[in-house]
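Protein chains: 2
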Amino acid sequence: MNESQGKEHSGWIVYPIGSRPKWPLAVLLGIQQYMTMFGATVLIPFIVGGAMGLPQEQLALLISTIFFTSGICTLIQQSPLGNRLPVIQGGTFAFLGPTFAILGMVAAKGVTGDMPLWQLQIQEVAGAIMIASVVEIVLGYTGVLGYVKRLISPVVIGPTIAMIGLALFNIGAPWMATNWIISLITILALVLYSQVFSHQSKVFLLFPVLLAILTGWLFSLLGTLTGLISPDNAAYLKPDLIFAAPWISFTPMLPFKWGFPSLASSTLWAGVFGMLAGYLASMIESIGDYYACARISEAPVPTERMISRGLGAEGIGCLIAGILQTCNGTTTYSENIGSIGLTRVASRRVIIAGALAMLVIPIVGKFGAVLSTLPKPVVGSMFVGLFGMIASVGLSNLQQVNMNNSRNLFIIGLSFFAGLSVPYQFNPMLSPEAMPIDWSSAGSFIEVLGNIFQAILTTGMAVTAIVGILMDNLLPGATRAERGLEAWEQEASDEAWQEAEAKWAAMKEGEMRPVEL
Amino acid sequence: MNESQGKEHSGWIVYPIGSRPKWPLAVLLGIQQYMTMFGATVLIPFIVGGAMGLPQEQLALLISTIFFTSGICTLIQQSPLGNRLPVIQGGTFAFLGPTFAILGMVAAKGVTGDMPLWQLQIQEVAGAIMIASVVEIVLGYTGVLGYVKRLISPVVIGPTIAMIGLALFNIGAPWMATNWIISLITILALVLYSQVFSHQSKVFLLFPVLLAILTGWLFSLLGTLTGLISPDNAAYLKPDLIFAAPWISFTPMLPFKWGFPSLASSTLWAGVFGMLAGYLASMIESIGDYYACARISEAPVPTERMISRGLGAEGIGCLIAGILQTCNGTTTYSENIGSIGLTRVASRRVIIAGALAMLVIPIVGKFGAVLSTLPKPVVGSMFVGLFGMIASVGLSNLQQVNMNNSRNLFIIGLSFFAGLSVPYQFNPMLSPEAMPIDWSSAGSFIEVLGNIFQAILTTGMAVTAIVGILMDNLLPGATRAERGLEAWEQEASDEAWQEAEAKWAAMKEGEMRPVEL
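Top to bottom, those sequences are chains A and B. Sequential numbering from 1 applies to the first sequence in the numbering used here. Sequential numbering from 1 applies to the second sequence in the numbering used here.
Because the hints were derived from the structure by calculation, they are not lab data. Any given hint might turn out to be false.
Just so you know, same-sequence chains aren't split out, so a pair can sit in one copy or run between any two.
[Unchecked claim] Simulated crosslink set (SDA-like; lysine to any residue; CA at most 25 Å straight-line): (1) 109 - 201; (2) 508 - 174; (3) 366 - 18; (4) 366 - 264; (5) 149 - 46; (6) 257 - 485; (7) 202 - 471; (8) 202 - 474.
Work the whole structure out from these sequences, hints included.
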């Protein structure tokens with residue numbers, strides 16, 4: 001089987017990490033990447049802003065701000081401060097729990113003076129994120145988190161990466177269900193473009209995601225124009241949003257645009273500790289994302305140094321997010337990792353082009369408004385393809401593991417199942433009968449620990465990773481080779497990366513890697 | 001990697017399918033198998049009987065009947081009528097949807113005469129199951145369903161088997177959560193017994209599941225006796241149940257014990273069509289189970305003939321279940337397949353011994369009553385281990401697939417993700433916002449089709465299988481070898497089975513296969 005693989009395949013990536021597609025193409029490819037993250041990015045300000053009762057024009061500003069911040073943070077990750085993997089940075093669901101806790105505390109405290117409640121809430125949420133970011137910056141750049149790598153084997157990383165994709169099952173089909181006709185058209189387009197037409201045409205080879213989104217969008221437009229899609233439906237396009245948007249606005253770039261938080265506020269500091277839970281879950285997820293990204297990009301395994309710098313750079317990103325007041329942190333987007341597998345493009349230059357687009361679009365308000373009409377069923381259909389791709393890339397790590405060893409099977413199975421089952425028990429967003437543990441009466445220190453514990457228990461890939469790491473490092477019954485560690489450690493070396501970088505550097509600008517289709 | 005596997009492992013099964021552990025050991029091993037299915041089997045009559053408002057003593061009879069039926073059906077599957085894989089037969093959740101529909105129709109019709117409503121409901125549910133079973137018997141023994149095998153490759157079967165385990169995420173941790181202390185003790189016992197102590201002791205090697213259940217049960221008993229566990233908790237043992245049970249009762253064996261259904265009833269025939277949906281989902285699941293069972297037993301791949309006979313035998317089992325009036329059909333139990341991986345015992349003789357125990361236990365009422373005190377957190381902890389094992393055995397099929405082929409990754413990922421996400425949209429038991437499609441106003445033919453469609457959409461492994469089969473058979477981009485078909489088809493031959501059977505037959509009674517621990 002392995003020999004036949006060596007003969008019959010030449011991989012799937014046409015633009016590897018270090019390759020340089022010509023700039024006009026890179027910009028188009030960057031916009032394609034950008035669009036796969038659009039849905040989730042818009043969602044976070046909608047959820048948080050909705051909970052704060054933010055006025056419409058402030059919500060628009062919050063959305064622009066989070067996009068602008070994404071662009072900056074992605075560029076930092078591509079700089080020598082970061083890990084230079086082709087990962088796009090953006091908002092994270094892991095911060096939602098602690099954010100809601102802060103919103104509640106601030107509302108309970110109430111406002112003095114004539115500042116609206118939501119403004120105080122923004123100040124304190126963003127303030128807590130800003131202060132807590134120091135922990136991630138320090139843990140990252142001192143190399144403490146890179147140490148985690150020594151505990152990880154393919155037995156652990158396979159199910160963990162798979163869970164990054166699979167755990168999002170609650171936002172795949174349910175989003176598609178907002179309009180099944182548009183959704184099925186979009187997903188059929190994605191399947192045809194990426195798996196059939198891509199064999200005939202370079203355009204479909206490189207742009208299956210963008211073209212599938214445009215197809216779904218076009219049918220939504222047709223449905224809206226002909227009146228077949230009702231204005232209540234998530235596939236209906238709202239042209240008034242586009243007319244209302246300004247042409248140019250620089251406000252998203254302003255630091256502390258909603259005012260500097262009062263450092264004497266007790267709820268601010270309580271919020272900082274709660275936010276650490278969000279940081280922990282987000283850091284575990286990012287480590288998993290780095291492995292997923294490297295694997296899907298057909299690059300060597302990330303080194304300890306890359307993990308450390310990556311998390312350090314995400315810490316800086318969170319600090320900036322706090323200063324620009326996105327009301328959210330920043331982490332690696334899984335959607336884009338899935339998209340690399342479908343578009344076969346892993347080039348850093350494309351990521352940088354996408355990040356530049358993210359800087360420009362929030363400033364050109366009309367452009368952002370057009371994008372914000374991206375229909376929910378279209379985004380949901382993309383998610384099914386992208387999250388699925390992450391899942392199977394995760395599983396492909398298991399090729400290095402001896403799967404005829406019952407100890408390995410036990411660990412993989414138990415950690416995998418726990419990652420789906422445990423959050424279902426603790427996350428009220430997933431299950432009607434979920435029962436989060438109430439720590440609030442247990443004293444403040446226990447409450448902080450309890451909240452951190454809670455954040456982990458509701459994050460599928462964190463549960464899988466922790467259960468897997470514990471069992472894989474403690475249980476006997478498999479050699480290092482059977483755990484897949486020997487082959488893997490060779491791939492994770494600085495030398496392996498230097499070799500890969502040299503190969504990429506030898507590619508001419510615009511040169512594609514030949515793949516068998 | 002593959003070469004190293006060949007050298008370093010010798011598999012995990014100590015008692016292969018055709019081996020013959022000495023009878024006393026086989027009975028103990030059979031009881032261990034039996035206990036892993038106990039939780040799910042008790043659950044079905046509780047759910048159905050609860051919905052019918054069944055009086056307590058009738059519920060007890062229904063429970064005994066379903067166990068007795070399990071024993072008979074398991075024996076049929078082991079006879080020349082069946083596929084002779086070490087699969088245990090028992091009730092199926094796939095029938096619950098159509099069953100509830102019949103309960104509703106009968107209640108709406110009402111009763112004439114002095115028969116209680118629940119009795120008429122039992123007659124019609126069991127009657128519909130009995131009549132519809134003819135379809136499965138015919139489709140099975142004529143070989144029509146065996147044809148499905150030709151559409152299946154490892155690309156499809158890997159995620160499909162994994163989904164059999166993973167889709168049950170809603171009854172793992174939530175059951176454990178009924179008492180976390182008992183659950184954590186039980187799962188820790190399972191991990192230690194099966195992964196650590198098994199290296200030192202033959203008792204732990206063969207009985208990790210039984211001993212872990214006993215450990216959890218013992219701690220529940222201690223908690224109950226000391227008053228640490230409240231009588232409201234699912235881990236509390238209720239001794240009065242044991243005192244109330246009769247010593248011996250032959251009623252479970254009686255056919256039509258609640259009366260023969262009226263064949264002139266219109267709701268009966270409507271129910272038959274609804275029930276076909278349950279049969280379809282259950283048949284797809286059983287095919288997946290056969291593959292899972294063969295793989296976890298380290299046996300060759302099931303042949304077309306085995307699939308056909310297996311489903312035919314399940315049809316006969318459903319007919320018997322209708323006659324004995326279990327109010328449920330019969331299908332292959334996934335729990336027991338997971339258990340083979342943990343206990344390393346796949347012997348037919350053990351399954352037969354377990355089936356004989358199932359025949360005796362419902363008749364000796366006290367014995368069944370003791371078993372019925374098996375605490376819910378203990379069962380939940382077992383599920384996490386067993387369902388996880390099925391998931392990873394499913395994934396081990398992917399070893400035969402080229403996972404560096406983006407077409408394979410796309411199909412595996414999309415079908416996998418859809419299997420989790422689609423049921424979450426359509427199954428109200430999973431999600432607070434699930435929206436089943438309402439077909440009832442669409443005319444009776446469409447309604448029948450709609451209900452069948454609905455049954456598939458709420459069954460994760462059916463969604464994964466169908467999406468996978470469609471894409472794997474229609475999309476270009478991989479050779480037969482890359483899809484894992486070449487190696488696989490050799491393994492699925494009659495010759496491969498004859499060879500394996502000959503090897504097993506050469507083993508002496510009581511002889512264990514040497515495995516490296």
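### Violated constraints from the hint list, given by number and in increasing order
1, 2, 3, 4, 5 and 6
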